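A.B. asks: Sequence:
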Amino acid sequence: MRLVRVGVLAALAAAPFVAGHALADTAPPVIGQGSYGQELVTRTMTMNPGVTAMTLYITLPGSSAPEAVAASDGHTGDAAPAAVARALADWKPSFTYDTSTGEMDAVVPMLDMSHKKAGVMTLKLRGKSRAKLQKEAFAIRNDLARDTSYAANLVQQALDDPKLPLDSYAQHIVDQELARHRDVMILAIHATTPKNADPEILASNIGRIGKKADDDDMRVVRDGKTNLEVNKDLMRYEVELPLNDAAGERIGALGVVFALTAHTDQKARHAEAIRIRDEIAHQIPAAARLTEPYT
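Numbering (this note's numbering), first residue to last: 362 to 656.
Worth flagging that the hints you see were computed from the coordinates, not collected in a lab.
Among the hints, erroneous ones may be present.
What the hints assert, rightly or not - Heads up, simulated DSSO-like pairs for lysine-lysine below, C-alpha to C-alpha not over 30 Å straight-line:
(1) K496 / K478
(2) K453 / K556
(3) K453 / K493
(4) K489 / K478
(5) K593 / K478
(6) K556 / K524
(7) K556 / K586
A quick note: this is a predicted structure, and the numbers were derived from the prediction, not measured.
Let the sequences and hints guide you as you build the complete structure.
C.D. replies: Next up, the structure:
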């Protein structure tokens with residue numbers, strides 16, 4: 362798994378909510394259907410039945426204003442309403458609560474997993490008190506942050522290989538391990554299975570399912586050696602390790618990314634990544650199991 366190299370995001374601090382400053386590749390942005398942002402919206406709506414509408418806004422490369430890049434009603438590409446523009450300019454949320462219907466309109470600035478500005482989210486919620494709905498809106502924003510590598514992640518392809526499922530056993534493992542290890546920022550399984558001849562991302566918390574392994578990934582898969590990488594711009598420390606199945610056969614690689622600060626103990630993080638890798642290996646009877654649906 363390749364992080365954006367140091368220097369690529371030099372402009373991020375000046376305009377961190379502009380997607381173009383965080384692009385890891387030259388692929389054009391994907392808006393609406395098929396995008397990772399749309400997948401996150403769909404997932405959020407499913408997991409939060411009190412949310413009746415949701416839209417994500419970011420500023421795309423070459424644009425000076427935010428636009429809708431993912432929406433529960435399918436209306437993407439629209440210019441941001443005034444409330445969204447204000448939230449982006451002031452970096453403050455706003456809430457409008459209708460006491461007669463118990464509905465709330467929330468406009469909440471979004472963060473990525475490094476706590477950098479990512480855009481603005483609008484929600485329509487119902488069924489609880491004003492205080493509880495406000496708390497729910499912030500909880501949703503925080504959950505999205507944990508699954509957003511950077512702003513441009515929202516307009517990347519959600520699924521690069523249509524042969525792979527999004528609700529796989531591999532994704533269940535990733536979700537389970539992230540819940541156990543709250544200090545892990547990113548977790549991604551690369552592996553070869555009967556459904557994909559080359560190592561691809563089978564599961565992650567940043568989308569890109571089916572993305573083929575890059576040169577760094579392939580060195581780990583091919584040579585069985587660990588790759589360590591420091592990214593100061595994104596404030597992240599990555600450990601990428603060879604991944605075996607329960608029988609000890611190498612099937613791919615595991616990328617584990619932690620927050621990077623001046624106090625990060627890289628040796629301790631490396632050891633933790635090894636423990637996570639071993640936990641995952643014990644749950645894989647064979648590579649083919651990873652792409653089976655999880656029930």
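A.B. asks: Determine for every hint whether it applies to the structure shown.
C.D. replies: Hints, verified against the model:
Among the hinted pairs, K496 with K478 is consistent with the structure: their alpha-carbon atoms are about 20 Å apart, no more than 30 Å. Pair hint K453 plus K556 does not hold up; C-alpha atoms about 46 Å apart against a cutoff of 30 Å. Only pairs whose Cα atoms come within 30 Å are accepted, and K453 paired with K493 is accepted, the gap being roughly 18 Å. Simply put, K489 and K478 have alpha-carbon atoms about 28 Å apart, close enough for the 30 Å limit, and the pair holds.
Annotation: proposed proximity of K593 to K478 holds, straight-line Cα distance about 17 Å (limit 30 Å). For the hint linking K556 to K524, the alpha-carbon distance of about 6 Å falls within 30 Å, and the restraint holds. A hinted pair counts as satisfied when its Cα atoms are at most 30 Å apart, and K556 with K586 qualifies at roughly 25 Å.
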